[in-house]
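Two chains, two frames, a set of hints: combine them into the complex.
Protein chains in written order, with our numbering: chain A, 1 to 114; chain B, 1001 to 1115.
In case anyone wonders, no lab produced these hints; they're calculated from the structure.
Certain hints may be false.
Just a few of them, taken from the derived set where beta-carbon distance is under 8 angstroms, the chain A residues facing chain B [said to hold, decoys possible]:
#1 Pro-8
#2 Ala-31
#3 Gln-50
#4 Gly-108
This structure is a prediction, so every number in the text was calculated from the model and none was measured.
Beta carbons: idealized from backbone N, C-alpha and C, even for Gly.
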Amino acid sequence: DGGITQSPKYLFRKEGQNVTLSCEQNLNHDAMYWYRQDPGQGLRLIYYSQIVNDFQKGDIAEGYSVSREKKESFPLTVTSAQKNPTAFYLCASSITGDSTDTQYFGPGTRLTVL
Amino acid sequence: AQSVTQLDSQVPVFEEAPVELRCNYSSSVSVYLFWYVQYPNQGLQLLLKYLSGSTLVESINGFEAEFNKSQTSFHLRKPSVHISDTAEYFCAVSGTVGWYGKLTFGQGTILTVHP
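Extracted from the complex, chain B is given alone in its bound form (with noise of 0.2 angstroms):
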């Protein structure tokens, strides 16, 4: 079984500050890690993903995430934020093999920024 933590339900910063959004998970097997980033009343979208290889992903958008296997994490990092980046952000897994497309999901972390 799999589970995922976001571990935080809202996160308030103002335009130009760094945010983190944080991510745990659990999972007894080899994990594909992704974040999803949702828009009011719309799809999610991919933002970034963590297959192999390098820990650190980055997104075309300026996000970037770290795979952290010792402390089954994937934190969601962006040094300044806009105004446009308010959206729920949302953290999945999925297992390497045998796991035909399955995301388990984290419980969404709303970003609200202010100008």
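Isolated chain A, as found in the complex (with noise of 0.2 angstroms):
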């Protein structure tokens, strides 16, 4: 079956640690995105790629980092500069990354820093 893994389902660190979330499609999609979810503020763009080797920043990129070496892969570190990382996070791919395109999401990781 067609789809998007995102793994581990929750992840624990302690703060300070960075931390990489995983990120697959076999969906032949070229364009990939990081969403950060809170409770009561939807959804905010993290970082975007729409080609291998290449990735742009959202809308809250700092203390993130991203790396696009595979079509199918889009790794997001969370590093020890980033605020407040305790948060659900959703990875989403598209087929062009055109405006028009359906964004198909994974089943998210829940992220606790302690």
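Printed below as a string of structure tokens:
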């Protein structure tokens, strides 16, 4: 079955540690996105990538980093510079990155920083 | 810049009653509009979208939304809800040119359908 996989589902880290969230898709989509979801705030775009080896900052990129070395993979690193990292993180992909495209979302990773 | 406001954070209704979830947007450019649904502890799924043409768009499970350009609104409606419609609903907007798929989401509306 085609889809987006995010792992792990739950992640706990100590304050000051970097942590990497995995996102893999087998939909053959060119574009991939990372969103952060906080209660009552909807989703906010962290980074997006329209093609391999290229990515752009979204609205809240500070304290995060990404890479896009393969079409299928778009890992997100939450660095110690992110002031409030505890949140639900959602990865998405779309066919071309055109604004008319539907975005397909993974099941999310809930990160808790202790 | 764009923004989306969902006017109700929570909407409780009884099964088989009609429901309307309100969405207003602000944008300096032409937009595409989307409604996504999130069931508990899951990712989001597209419910419906307006790109062009008829201002009334429908989903396969009975929801519909109408694009009103003069009122900058894209309210979601269903004439008769089911228990299974309980979820959080997000309205989103993207610019039509040069936006590269970037979506701006509203805060979400939690729809709870009671028996």
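Evaluated hints:
Checking Pro-8(A) against chain B: minimum C-beta separation of about 14 angstroms lies over 8 angstroms; hint violated. Hint status for Ala-31(A): holds, given a least beta-carbon distance of 6 angstroms to chain B, under 8 angstroms. At a threshold of 8 angstroms, the smallest CB-CB gap from Gln-50(A) to chain B is about 6 angstroms, leaving the interface hint in force. A least Cβ separation of about 6 angstroms between Gly-108(A) and chain B falls short of the 8 angstroms threshold, and the interface hint therefore holds.
Hint check: a violation occurs at hint 1 only; the rest are consistent with the structure.
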